[in-house]
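**Q** Using the hints, position chain X against chain Y.
In the order they appear, the protein sequences are chains Y and X. Residue 317 in the numbering used here sits at position 317 of the first sequence; the count goes up by one each step and never skips. To convert, take the position in the second sequence, counting from 1, and add 337; that gives the numbering used here.
Worth flagging that the hints you see were computed from the coordinates, not collected in a lab. Certain hints may be false.
A few chain X positions that, by computed beta-carbon distances, are all more than 10 Å from chain Y [said to hold, decoys possible]:
| # | residue |
| --- | --- |
| 1 | K339 |
| 2 | Y348 |
| 3 | T361 |
| 4 | G371 |
| 5 | M409 |
| 6 | V416 |
| 7 | K420 |
| 8 | A421 |
| 9 | I449 |
| 10 | P458 |
| 11 | R512 |
| 12 | A551 |
| 13 | E630 |
| 14 | F666 |
Derived Cβ-Cβ restraints for the label pairs, each shown as a range [what the hints assert, rightly or not]:
| # | chain 1 | residue 1 | chain 2 | residue 2 | range |
| --- | --- | --- | --- | --- | --- |
| 15 | X | S395 | Y | D115 | 48 to 58 Å |
| 16 | Y | Q183 | X | M664 | 53 to 63 Å |
| 17 | X | N479 | Y | N106 | 39 to 49 Å |
| 18 | X | R546 | Y | A63 | 21 to 31 Å |
| 19 | Y | E55 | X | R546 | 17 to 27 Å |
Computed far set for chain X versus chain Y, every beta-carbon distance over 10 Å [what the hints assert, rightly or not]:
| # | residue |
| --- | --- |
| 20 | S356 |
| 21 | D446 |
| 22 | I646 |
Ideal placement from N, C-alpha and C gives every residue a C-beta, glycine not left out.
Number of protein chains: 2
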Amino acid sequence: MKNRQVLLASYPRGPIKPSNFQVTETELRPVRDGEFLLRNQYFSLDAGFRQWMQEGASDNYLAAMPLGEPAMSITLGEVVESKAPSFPKGTQILARSSWQDYVITNGSDITIPIDNPANMPLYYFAGVLGPTGITAHLGMLNVGEVKAGEDVLVSAAASAVGTVAGQIAKLKGARVVGTASTQEKCSWLVDAVGLDAAINYKTSAPLDRLVKDAFPDGIDVYFDNVGGELLSAAAGNLKEFARIALCGSVSSYDTDQTAPGIRNIWELVTKRAMMRGFMFSDYVEDAPAILAEITGWLQEGKLASFDHITDGLENTPQAFCDMLAGMNFGKSIVRLF
Amino acid sequence: MKNRQVLLASYPRGPIKPSNFQVTETELRPVRDGEFLLRNQYFSLDAGFRQWMQEGASDNYLAAMPLGEPAMSITLGEVVESKAPSFPKGTQILARSSWQDYVITNGSDITIPIDNPANMPLYYFAGVLGPTGITAHLGMLNVGEVKAGEDVLVSAAASAVGTVAGQIAKLKGARVVGTASTQEKCSWLVDAVGLDAAINYKTSAPLDRLVKDAFPDGIDVYFDNVGGELLSAAAGNLKEFARIALCGSVSSYDTDQTAPGIRNIWELVTKRAMMRGFMFSDYVEDAPAILAEITGWLQEGKLASFDHITDGLENTPQAFCDMLAGMNFGKSIVRLF
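So that you can see chain Y by itself, here it is in the shape it has in the complex (with noise of 0.2 Å):
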């Protein structure tokens, strides 16, 4: 059976383009006892694996994805034949596979089987009911306790771990900021997604200044998608007992330059203020508990999902240019089919 991938050909040099990738095609070996062969229906596209596209990656975590085999990516597919018990026919799954149609597999990298009692469209699991929504759960929740009345930031807001925790700070009763590269994304930000203000971190005034003004009396939570200078200008205006929720580094993921220091540090001890990374792996056993109450929240129309949807694999390598370059709208994901 034929099958087509998405190779990471060539490690990139500066921001990755859609010519460091090619789409191939080959022959699917037999499946063998204890495996089963899923087909995928959608792949998740993540700023977080760019860093793993770099040559020489490793962060203790994952090490740099090789070159001629299908770039690693979250995906959602049926398992088509199985000879794993534990993973019938007919089961839809989450997985942290890679960028082809099939994929041969024990389940024994990351596979969740998806339970889905409520019936939603079945790519919310790559997105508001998957790591996505998990990791903004986690975020806004865990990490930064959000309460009602407090001043929040979301850097990224537009994106789809951002659009997630925005709305989270907003049913929670918060203030909400959000950043974003255009000024077409701020309007969404206000106008679709609900937030309170947005700040297009693109235009020519310091962030520093910009962050200020937004925030006159601090940040009590910063949901941190990007690192570099937003973070340093956030860590320069907090309030005291203020948390910084670490998620991504998105401004130095898409680069071969050595990220420059974080400035305002210090900040955190006249502050007393907290930062904590967090990464949606850690908490396998909250996620079901973490899923009903965002399955509830989207049943009752306090959340909404953002969904950017490319149909092709072939165009797999654009479409994840394009959203780490900021060109999505919520949530990018690639239908196969």
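**A** Frame of chain Y, contents of chain X only:
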């Protein structure tokens, strides 16, 4: 009555010098209703106060000390005259006060009557049984949550807070490495304080390499008294779920340079690590229990108080500058009589 004072005479440019201070003598005014007269017996010399000796300093905690006024300090003294019923004559007091023989106050600044049922040396209450000890305890246990078998780094380990923090980690069963600025202090940290090893950060080797060699498997808890390059090096060599207790940033106090940014903050995400600033003054309610525990350790011989005592108010400027230059072994105290 005559009152000698140590004034902040000029704001420093670069490292502070004894010539930035001036010893004068004034006449005390009478004590009014609601006030009392405190006779200072000890000054606690704390690196943290250096930052408020900087021109234009303002961090929402305290502003720059005014010129021509006695320099602020934690002090230890006794009420010798009182028109305030809550502070009768004979009361021994820990205060955030200033460098002078006598202070007239209504107690509205941070003033804590001393309870000394275990009959400890009075100057302990400016050190191991004062903010110093509380700070060490909070940073290592409340923020750091140190556990037996963990690998712990303490910077400025020969400092007042450092000697207590390192000992607390040891008595909890951790492996503890301290940093200091001379080989003599490094030897003292191992031989007298009882740490497992010490790093002389003034050798020519890069800090990143020194930290990596001392912690080949990474750091669980970093008790940070210095900020700057050592914080960058520690952040780049953490174990998963590491904790960084941000206590001070002495590397940036005694300078008029803008501190460089902290590198490796992104590692907090991949290691799911936490960094939190704290100040003892937020834990007034917890202080009695903390001090009772420390008193117990002192009585059982599990913890020692290391004190560096200078005699004479007139020697305070030199002693303070020596402390900032790292010439002290343990807690720096000035004894007035």
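**Q** Any Cβ of chain Y at or closer than 10 Å to K339 of chain X, or is the non-interface label fine?
**A** Non-interface label on K339 of chain X holds, nearest chain Y Cβ at 37 Å vs cutoff 10 Å.
**Q** Since Y348 of chain X was said not to touch the interface, does its Cβ keep a gap of more than 10 Å from each Cβ of chain Y?
**A** Given that every Cβ of chain Y is farther than 10 Å from that of Y348 of chain X, nearest at about 19 Å, it holds.
**Q** Can we confirm that no CB of chain Y comes within 10 Å of the CB of A551 of chain X?
**A** Non-interface label stands for A551 of chain X: nearest chain Y Cβ at 18 Å, farther than 10 Å.
**Q** Within 21 to 31 Å or not, the Cβ separation of R546 of chain X and A63 of chain Y?
**A** Holds, at about 22 Å.
**Q** If we take the beta carbon of I449 of chain X, is the closest beta carbon in chain Y still more than 10 Å away?
**A** holds (19 Å)
**Q** Given the range 48 to 58 Å, decide if the beta-carbon distance of S395 of chain X to D115 of chain Y lies inside it.
**A** Holds: the Cβ-Cβ distance is about 54 Å, inside 48 to 58 Å.
**Q** In terms of Cβ atoms, is chain Y entirely out of 10 Å range of E630 of chain X?
**A** holds (22 Å)
**Q** Taking the closest pair, is the beta carbon of A421 of chain X still more than 10 Å from chain Y?
**A** holds (30 Å)
**Q** When you take the CB atoms of Q183 of chain Y and M664 of chain X, is the distance between them in 53 to 63 Å?
**A** Given range 53 to 63 Å: holds, Cβ gap about 57 Å.
**Q** For M409 of chain X, is the shortest CB-to-CB distance to chain Y above 10 Å, so the non-interface label stands?
**A** Correct as stated: the minimum Cβ-Cβ distance to chain Y is 15 Å, above 10 Å.
**Q** Taking the minimum C-beta separation from K420 of chain X to chain Y, is that value above 10 Å?
**A** Label holds. Min Cβ-Cβ 35 Å, cutoff 10 Å.
**Q** Take a quick look at F666 of chain X and tell me if its Cβ sits farther than 10 Å from every Cβ on chain Y, holds or violated.
**A** holds (25 Å)
Against the hints set out earlier in the document, no violation occurs for any number.
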